[in-house]
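Given chain A's structure and the hints, the job is docking chain B onto it.
Protein chains: 2
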Amino acid sequence: MRSKGFDGMICSIAGVMAAIGDRWGLLILRDLVLGLSRYEHFRHSTGVTHATLSDRLKHLEANELIERRRYQTNPERFEYLLTKKGWQISAVLPVLAQIGDRANVSGASAPPLKFVNRKTDADVAWGFFDTKTGEQLGVKDLAIKEGPGADEMVRWRLSHGAHRHEP
Amino acid sequence: MRSKGFDGMICSIAGVMAAIGDRWGLLILRDLVLGLSRYEHFRHSTGVTHATLSDRLKHLEANELIERRRYQTNPERFEYLLTKKGWQISAVLPVLAQIGDRANVSGASAPPLKFVNRKTDADVAWGFFDTKTGEQLGVKDLAIKEGPGADEMVRWRLSHGAHRHEP
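Chains as they are written, first to last, in the working numbering: chain A, 111 to 277; chain B, 111 to 277.
So that you can see chain A by itself, here it is in the shape it has in the complex:
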């Protein structure tokens, strides 16, 4: 899982996945966004083993997505909170949830969760937009180009994908 090639790759997508660890890490972030913060709650929510949960929490902490805080002494008890970076990365979760709803992969026949504007209670959606005109765009309206941080491999991918199949 922490295989070599992955972490050395110049790629923001790979970088996010490396920071999260795996899909158990992603579900822990989901639970934190939902407001859970305690080890036993993560256990109940995910059904994961102690060994895996403990490993993934350590991984998220080492990658500065969460922090561990003592909320009680005698006996000592700890809770886990999202850091600023953790919140930044967790912004992908409502996107994933809505994509999963549309692709009908939730295991239910309707969306398990609903995202609303905290102030107005209106439904919230996400989308791509043109930063100049504000026009809303679909994924097939996007072209992908070399950014300032591209390395040889990024350029190789783009040049070999030049004649890509349209959606």
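Fair warning: there could be bad hints in the mix.
Identical copies carry no separate label here, and so any pair may be met within one copy or between two of them.
Listed next, the in silico SDA-like pairs over lysine to any residue satisfying Cα-Cα at most 25 Å (straight line) [what the hints assert, rightly or not]:
hint : residue 1 : residue 2
1    : Lys224    : His154
2    : Lys242    : Glu256
3    : Lys242    : Asp165
4    : Lys250    : His270
5    : Lys229    : Lys255
6    : Lys168    : Asp240
7    : Lys229    : Glu186
8    : Lys168    : Gly271
9    : Lys168    : Gly237
10   : Lys255    : Gln198
11   : Lys224    : Leu252
12   : Lys224    : His160
13   : Lys242    : Arg187
14   : Lys168    : Ala253
15   : Lys224    : Gly271
16   : Lys229    : Arg187
17   : Lys168    : Ala232
18   : Lys229    : Pro258
19   : Lys250    : Arg179
These are computed hints drawn from the structure, not numbers from a lab. Since we're looking at a predicted model, the values are computed, not measured.
Just chain B, lined up with the frame of chain A:
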């Protein structure tokens, strides 16, 4: 990786991750969005072993995110294409890329990729918006509620997360 609990969970986020398989599956989707379609190109791009690549391609195909198509006979050669469902799910990739750019986890000091409007060449960003007013929102403006597909566990998570920490 295809552990039990995961696939039985009522959750669109878990459902998307189960369909993708793992982060290698995600990188194959990335490469397909970039326009790569051949086994050898995925190998070169990801550096993954034959066994893993072949397994993940089969997994993506079984989950109907990609299809395998013969493009040459004698010798037979195959390429891989995103299905409609594959494109739907791959819409998360530009989001992940931009989140990774902002969280500075790409491995480079600047974005490796740039997403532009295919028609106007203007930069593309993504965001949440209020579906009534069109107002743009940040992740901390979102409240999460029970959807029509919620099960007991979803309700349990929401009730235990009621006093969640704000970003």
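Okay, the hints, checked on the actual structure:
With identical chains, the CA atoms of Lys224 and His154 are at most 25 Å apart within one copy only, with a shortest distance of 22 Å there and 40 Å across copies. Taking CA atoms no more than 25 Å apart as the test, Lys242 paired with Glu256 passes inside one copy only; the shortest distance there is 20 Å, against 36 Å between copies. Taking the shortest alpha-carbon separations for Lys242 and Asp165, neither the intra-copy value of 44 Å nor the inter-copy value of 42 Å comes in at or below 25 Å. Taking the shortest Cα distances, Lys250 and His270 sit within 25 Å of each other inside one copy (19 Å), while across copies they are farther apart (39 Å).
Taking CA atoms no more than 25 Å apart as the test, Lys229 paired with Lys255 passes between copies only; the shortest distance there is 13 Å, against 37 Å inside one copy. In this assembly of identical chains, the alpha carbons of Lys168 and Asp240 never lie at most 25 Å apart, being 39 Å within a copy and 36 Å across copies at closest. Neither within a single protomer nor between protomers do Lys229 and Glu186 lie at most 25 Å apart by alpha-carbon distance, with minima of 37 Å and 58 Å respectively. Taking the shortest Cα distances, Lys168 and Gly271 sit within 25 Å of each other only across copies (21 Å), while inside one copy they are farther apart (38 Å).
Proximity of Lys168 to Gly237 under the C-alpha cut-off of 25 Å is found in neither arrangement, the shortest distances being 33 Å within a copy and 30 Å between copies. In this assembly of identical chains, the alpha carbons of Lys255 and Gln198 lie at most 25 Å apart whether taken from the same copy (24 Å) or from different copies (21 Å). In this assembly of identical chains, Lys224 and Leu252 lie within 25 Å of each other by CA distance solely across copies; the values are 10 Å between and 27 Å within a copy. Proximity of Lys224 to His160 under the C-alpha cut-off of 25 Å is found in neither arrangement, the shortest distances being 30 Å within a copy and 40 Å between copies.
Proximity of Lys242 and Arg187 under a CA criterion of 25 Å is satisfied in neither setting, with 50 Å inside one chain copy and 43 Å between copies. When the C-alpha separation of Lys168 and Ala253 is checked against a cutoff of 25 Å, the pair qualifies neither within a copy, at 38 Å, nor between copies, at 28 Å. Taking identical chains as interchangeable, the C-alpha atoms of Lys224 and Gly271 lie at most 25 Å apart only when they sit on different chains, with a minimum of 15 Å there against 37 Å within one chain. For the identical chains of this complex, Lys229 and Arg187 are neighbours neither inside a copy (34 Å) nor across copies (55 Å), given an alpha-carbon limit of 25 Å.
In the homo-oligomer, the alpha carbons of Lys168 and Ala232 never lie at most 25 Å apart, since the shortest distance is 37 Å inside one protomer and 40 Å across protomers. Within a single copy, Lys229 and Pro258 get their C-alpha atoms only as close as 38 Å, which misses the 25 Å cut-off; across copies the closest is 21 Å, which meets it. Proximity of Lys250 to Arg179 under the C-alpha cut-off of 25 Å is restricted to the inter-copy arrangement: shortest distance 21 Å between copies versus 44 Å within a copy.
Taken one by one, the earlier hints fail for this structure at numbers 3, 6, 7, 9, 12, 13, 14, 16 and 17, listed in ascending order.
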